Amino acid sequence: MQTGNSKIEIPQNAFYKKSHADKELSSTSDQIIKKTPITGARIVADKLVKDVFTYAPKGMNGSRNSNFYEFLSLGLVPNLVGSGMLIALFNAANKGFRMPDRAFAGISGRKMAAGVVMYAVGKWLGPKLMNKGIELKTGVDLEMPYQKVVTEFPEHKGDRDLTAIEYHRVFESADFPRWDLINKQGEKQGNRYIWYDKIAKKMGFKEPLNSPDQTVQPKVKELIVKSNAAKSISSFIWAGLGVALAAQEPFETKIAIPRDAKFTKKVTAFATGLGSKLKDSFVDLYNGNSKRFTRSSKVVGRVLIFGALASTILGIMNATKGFKVGKNLPDTQIDTNKEYEVH
Amino acid sequence: MNNNVNSSFLNNQYAQLRKEIAEQDVYRAFVQNANSVAPQTPRGFLLKSRNPLSSLVISAADTGKDIVELGKALTKGESNDNQLGRFNDLGMKLGGLGIASYLFTRRGTGTKGLMEFLGFGAFFASMAMWPKVLISEPMKHRFGFDFRQKYVDSQGRKKYFFQDNQYQPWDLWSNDELNKIGDKLGVPKDVKDREELIKEKMRTIALQGNTLWMLTAGFSPLLTSMMCNVAERGITKGLINHQYNKITADVDKLPSMIQAKMKDANFDSQAARDLAVITTRRTKEPDKVFFNNVSHILDPFRVINDKKDIDDSNLIFELRSTALQIRDNMMRTYSDLREAKKGTTMVNYGKLVEEMDKLFAEQGDKKLIVRSLQGRDNSADRKVYMALRQKFAHIDKLPETERVVPLGELLEALDSTEGAMTKAALRDKFARLIEGYKIEGTIDGKVVSDYCASFGDVYQKQTRPIAARLSVISDFINGLVGQKYESVHTGIHLDSLNAFMAQLKPKTKDLKQARNSAEQSQKYLVSSLSKIAGNEGRYGEYISTLSEKQVKFESKTLGKILDKIRRAADDAFKGVEDVENDNLLGFLKQSVQNGKSGRTPLYRRVVDLFIEEKTAGIKSTGHRYILAADLEKRIADGTLAKQWESLGGDKNAIKDVIQTCRKVLYDSTMNDIANKCYLSGNGVDSTKVLELLFGQYKNEANELVSTLDADTLKHCNPALYDSLLKTRENIYRIYSQIVDLARQGHTLQGKVDVSQKTQYSMIGKSLNELFMETASQKFNDRHWMRMFGGFAIGVVGITLLSQMFFGKAKNEHLYLKHKEQKGGDNAVK
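These protein sequences, in sequence, are chains A and B. 1 is the number of the first residue of the first sequence in this note's numbering; add one for each residue after it. 1 is the number of the first residue of the second sequence in this note's numbering; add one for each residue after it.
Derived by calculation from the structure, the hints in this document are not laboratory data. In this text the structure is predicted, and so the values were computed from the model without any measurement. Each statement offered as a hint is correct.
Pulled from the structure, derived: some chain B residues nowhere near chain A, Cβ distances all over 12 Å:
1) Gln24
2) Asn51
3) Ser54
4) Arg332
5) Thr345
6) Thr442
7) Asp711
Selected chain A positions facing chain B (in silico; Cβ < 10 Å):
8) Glu222
9) Gly307
10) Gly322
Yeah, the Cβ is synthetic: ideal placement off N, Cα and C, and Gly gets one too.
Could you build all of it, start to finish, from the sequences and the hints given here?
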């Protein structure tokens, strides 16, 4: 304890201190995880492995511990199987056809395969772009992942390890964003409001607010609702764009890969081939192919291109509208004279 | 005034009082109810299952509600997790529709386009059907409840009851309902906490159902493609019927359709683009490029050439010279006009004088003059020169740019020069000199622009109306007999082809072999057809079925409507105005030689060409099914050999003859007849082979009769006789003509007065090739079905079978403890 007239040091963090105990605790409780470029892929891989080896057997056994997260994670399975199925339906039988038929069937087969993949890419890319745009404008990463530790019921005699790890997003729910994790993360860094301060600054407050959470939280909630609503439409326009690109002539042929080349050379050949196909398809989609198709194909093609871009840009603009406080507003909206705020 | 003060004072006092009383009331109410705060009464309920129609209406209404909610979410940022999840489904539906419409625009044919939408519909349908038909319905049947039971929560949101395994609002079920389900599940009646066990069992079953759904839903595209596969056939048939009905109904509406075409926005914008060619060049003098362009736009056949249908363009390729003829016509009229309207030709007198001055310089060298003019009498030269200078002395005074003289005046002056012109040679030399400085007379800009504008007139009055007519009529004919995938004609072809295949009944093994080569195809066809020919009953059925199909096509379907179209076309062209300037209609009305039928107007010829060429092939292909079987019949019962002898053929060569006959009938197209079948090299025998196949012979009674087998004629539909014989005659004549061409000297009778293309069609498609293609298609279908049909059955089987193991709750024995204890009691006793 500090005594005397020396300056009293108030601990920055009244709840946690960086300690061994804290470290131990964090591995057994929910926490935000660090995001790297491959975090998303790792989470998907984790879900997929667990789908097959954990969630599906649990579900088929009727386990008490099966939960909604597991049900949603299982959604990956029909997506993958269905995609594979679609590709197989258009390709698997072609080998048995005689030559000219095989070639013709191959065209639609390749287009279908490209379409399935590009659908998935479009559907992934649309929301991704919107999230990135929103993050740039507001500093809020709507994809911030966290790790949830779930404690399960014992089901068998001698069940010991009853915890399971789930991967969620802090802002996946508009009704219940995990503010507690944001606080916890801040506390670890010594300031519970560190994240809110950052966002408040982005909002245009020049000085730190007294209780930034009260100002920031409703805005973030609005962001979640608006962006999710926009994403649900935009992602399908992007998916449509993907399918339309795959429906162009360049995807009728295979990508030429040298046969007896090194692996790295094959990869670069594939990448450049794919790149040029994408570029040509884009040009074809934009210009239409008046020789083969009706003019409406060109119109719809352009609608898709500009629609996808517009849906993302408008979505970002709409979600971040009113996020910044006006210039003439006071630095803080909290009346510091009051003892507490009622919201 | 006092009064006012008083009243306002009183008012204030009362207001104060009222406020205090109100506050006391609030406080009292709070104190009284402080201990009785209770949750609101729940308002959730389970949704009853509805009939499909009302659930469709409700789902449409829900979609509408979602759109409203989406608007709210986007503008105000107000929504909840459940609603946000629903937006995703909304987006999926809209996105799916968008994708289907884009792909629709990329399909050439209506069926394929429709299939995109059907595929989209079928995809969603099978996504919805898979859990319903294969999981939820069987499970409902077995367990007495639906694991996809929906409920409405207190906030009015629709949710699946069993979606979250760890949150199920069981208070929505009454104990009675639960017990009823328990009976179905076979839960003993006397268990402790029976409802709890039932709930636990239901939860388990629902979870298993949900998991099974997730694991198998990915296979639903299997169902989609099976559905589409079946549906496509129906759709093609339906579309063709629709097409036929539409054409039959529309043929009387041709004039109004032409009017509508003229008002069509696309057609209008085309006209605007076309006319720009004329307007942009109006001020300059027209050149060859201009005339090329103008003749291109004035050519009414262009509408057919510009179409996507390549066959159409090929068909009227022969009419390509139209534009050239129009161009030549225009250029001729223009040069006439130019001659008539151009201004006077002038001579640049200033320059001419300069040149002459050089020649006749006063102090110049005489020899120079002599040399330059190459004349001997230079004094005469000088005289002429001086006379000309004198005559036009007034011009010298003019400014340099205006020193021009009409050519005629100068030449006249030259001629009238006294005495000097006695020598024609001299006069010519001067005339040549003068002509060197000629300035051609120009044509007035207005004359040119009027002339060009007149093309606009022709375009509006003739090209456009005629193009509209041709376009509507060609659409018409194409819909009926075009090569489009779903023209009526193609449909009929497929119909009779299917009938043919159904008669042959090929096995997959046969298809697999036949699809690879024409030889294998023929091998199969010969064996199959001779089997049919060997069996009286089957042969009769074969001939009557196929001839019935053919009659239906030729007389009932096409015959009637084609006449109507021809008549309508005649009437349609009557309405086009004549224009003086460039008589395009006159050009169209020009008659062309058309075979034996004499001369017909050009436009009519186009219509006829369409019909002739496009129907001939399918007609004779249908006939070839019958002719091939007839040949086998004749081979089988020995008629062929007799006929061969009767024709004077070598008895010993019959084996070779049979081989050649088969080759001709199964394998040949117009091109190979001469080289593949060696007919031209066979000399006299070639005639006999053609006679044997398509001609006549003398029978035992010494009458000249068709070589067709008696049985064929017996079973063939009588309405087809004429047409069948006509086809034989056509083929005979076309083949003999080719043989004739290949070997001059082997003169065979017969000339065919139709275009080469039509002749090609008249022969019909080679049976081997046709069978090879069809076999391949059928094989592919079967191959695909075998692969995925089996797979689909497997997946469906596993889905259904795994449900057998559902419903075992964990720790069930704990609930049954009560019963066990009873047993224990008994034991103690």
